[in-house]
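Engineer: Single-letter residue listing:
Number of protein chains: 2
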Amino acid sequence: MEKKLNMRQLQHKATLEAIRSAVDKMVDTVGFDAMTIRDICKEVDITVGTFYHYFSSKNELLKDRYIRSNEHFQTFYDENLASMDEIEALRLFFEHYFAYSSTRVYQLYKRFMQVRIDEYEKWAETHPDRIRQIILEIITSGQKKGTIRTDRSAEDMAEFINMLLQGFTTAYVTYDREAPGRTGIIEIITECIDSLRA
Amino acid sequence: MEKKLNMRQLQHKATLEAIRSAVDKMVDTVGFDAMTIRDICKEVDITVGTFYHYFSSKNELLKDRYIRSNEHFQTFYDENLASMDEIEALRLFFEHYFAYSSTRVYQLYKRFMQVRIDEYEKWAETHPDRIRQIILEIITSGQKKGTIRTDRSAEDMAEFINMLLQGFTTAYVTYDREAPGRTGIIEIITECIDSLRA
Numbered sequence: 288m289e290k291k292l293n294m295r296q297l298q299h300k301a302t303l304e305a306i307r308s309a310v311d312k313m314v315d316t317v318g319f320d321a322m323t324i325r326d327i328c329k330e331v332d333i334t335v336g337t338f339y340h341y342f343s344s345k346n347e348l349l350k351d352r353y354i355r356s357n358e359h360f361q362t363f364y365d366e367n368l369a370s371m372d373e374i375e376a377l378r379l380f381f382e383h384y385f386a387y388s389s390t391r392v393y394q395l396y397k398r399f400m401q402v403r404i405d406e407y408e409k410w411a412e413t414h415p416d417r418i419r420q421i422i423l424e425i426i427t428s429g430q431k432k433g434t435i436r437t438d439r440s441a442e443d444m445a446e447f448i449n450m451l452l453q454g455f456t457t458a459y460v461t462y463d464r465e466a467p468g469r470t471g472i473i474e475i476i477t478e479c480i481d482s483l484r485a
Numbered sequence: 288m289e290k291k292l293n294m295r296q297l298q299h300k301a302t303l304e305a306i307r308s309a310v311d312k313m314v315d316t317v318g319f320d321a322m323t324i325r326d327i328c329k330e331v332d333i334t335v336g337t338f339y340h341y342f343s344s345k346n347e348l349l350k351d352r353y354i355r356s357n358e359h360f361q362t363f364y365d366e367n368l369a370s371m372d373e374i375e376a377l378r379l380f381f382e383h384y385f386a387y388s389s390t391r392v393y394q395l396y397k398r399f400m401q402v403r404i405d406e407y408e409k410w411a412e413t414h415p416d417r418i419r420q421i422i423l424e425i426i427t428s429g430q431k432k433g434t435i436r437t438d439r440s441a442e443d444m445a446e447f448i449n450m451l452l453q454g455f456t457t458a459y460v461t462y463d464r465e466a467p468g469r470t471g472i473i474e475i476i477t478e479c480i481d482s483l484r485a
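Residue numbers (the working numbering), protein chains in the order written: chain A, 288 to 485; chain B, 288 to 485.
Rather than coming from a laboratory, the hints here were simulated on the basis of the structure.
There are no misleading hints in this set.
Note: identical chains are not told apart, hence a pair may lie in one copy or across any two.
Derived DSS-like pairs (lysine-lysine); straight-line CA-CA distance at most 27 Å:
hint : residue 1 : residue 2
1    : LYS409    : LYS397
2    : LYS300    : LYS345
3    : LYS409    : LYS300
Looking at chain A on its own, in the form it has when it is part of the complex (with noise of 0.2 Å):
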């Protein structure tokens, strides 16, 4: 599926990589709402107006960690999941969900979730939320095959895993950082996916 790029497309592709790293490791160290566009352009050696030629903003940032994680959790259920056991793609995907979330730089993710609920909606008109699509269709291929119950719509189902995912990301950011990965309350929600096989 990859088409070759040209060489200015891949410099533009190298150029967007090295501003993402900047940015990730520049949240580590400053902090994301420290951190100025000028830093982050001194860190990657570009102009402030090459920087623009990428993002708009510093929101922009956020969105585009939306995309990244679309991609990243794409990439993840097609090499993974995709002919796998349904409810056990379902485990799988979650427990991923878990280590993609706990790591990602606890500040940056807290600004995440506050932009991601005022521009959810317009990020996700052009950039449609795999997550949620990726969950419904492992509940759908596993209907059809007879692995998941057919007494629930697969959209009711969907719509409960995408719940606890939120539910996850948000006690991460609002409470206890530990709590939500603790291996107990993994246990509890793999016997609600569990509960879901046919």
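Since the structure of chain A is provided, determine the placement of chain B on it from the hints.
Structural biologist: Below, chain B without anything else, positioned relative to chain A:
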């Protein structure tokens, strides 16, 4: 437990309630972000100085909502759930939380969630989160009476329920406002709660 208030305290309480009503009303008509402190004062017929005697900023109004919601759920628990079968109590608590959250003015709730993510730790320091405590109390009591499983820790089960509540709220303010309250989803959640029965 109610203490008798003197005239001055009664006046204080009346003004506080008047401000709260005005805010609730104006959030609905004007919106939280557009509403100014001056507007609120005009509505209540108090000076700006008086307002600042009660709240030091607009964000303090969101903290006040947190405190009111604590009080609301405490009363709901005391009056309806305190001596009930614990699984039934968890179900009803959830249902009530759904109803309570979905009728809050949407835009206010959105802003509330955002500020909560930032300031929850500060709020909870002076006003511990009653919702989380009530859930833990119900579960602990159920474990003692033998209505709730003891092969899982009360803390893990409570945090799980709390994640479900948070997930509901976040899904509500981020995506489709109708989805989280769908009957099918509530039935799935009820099944999960039922699975905590001993």
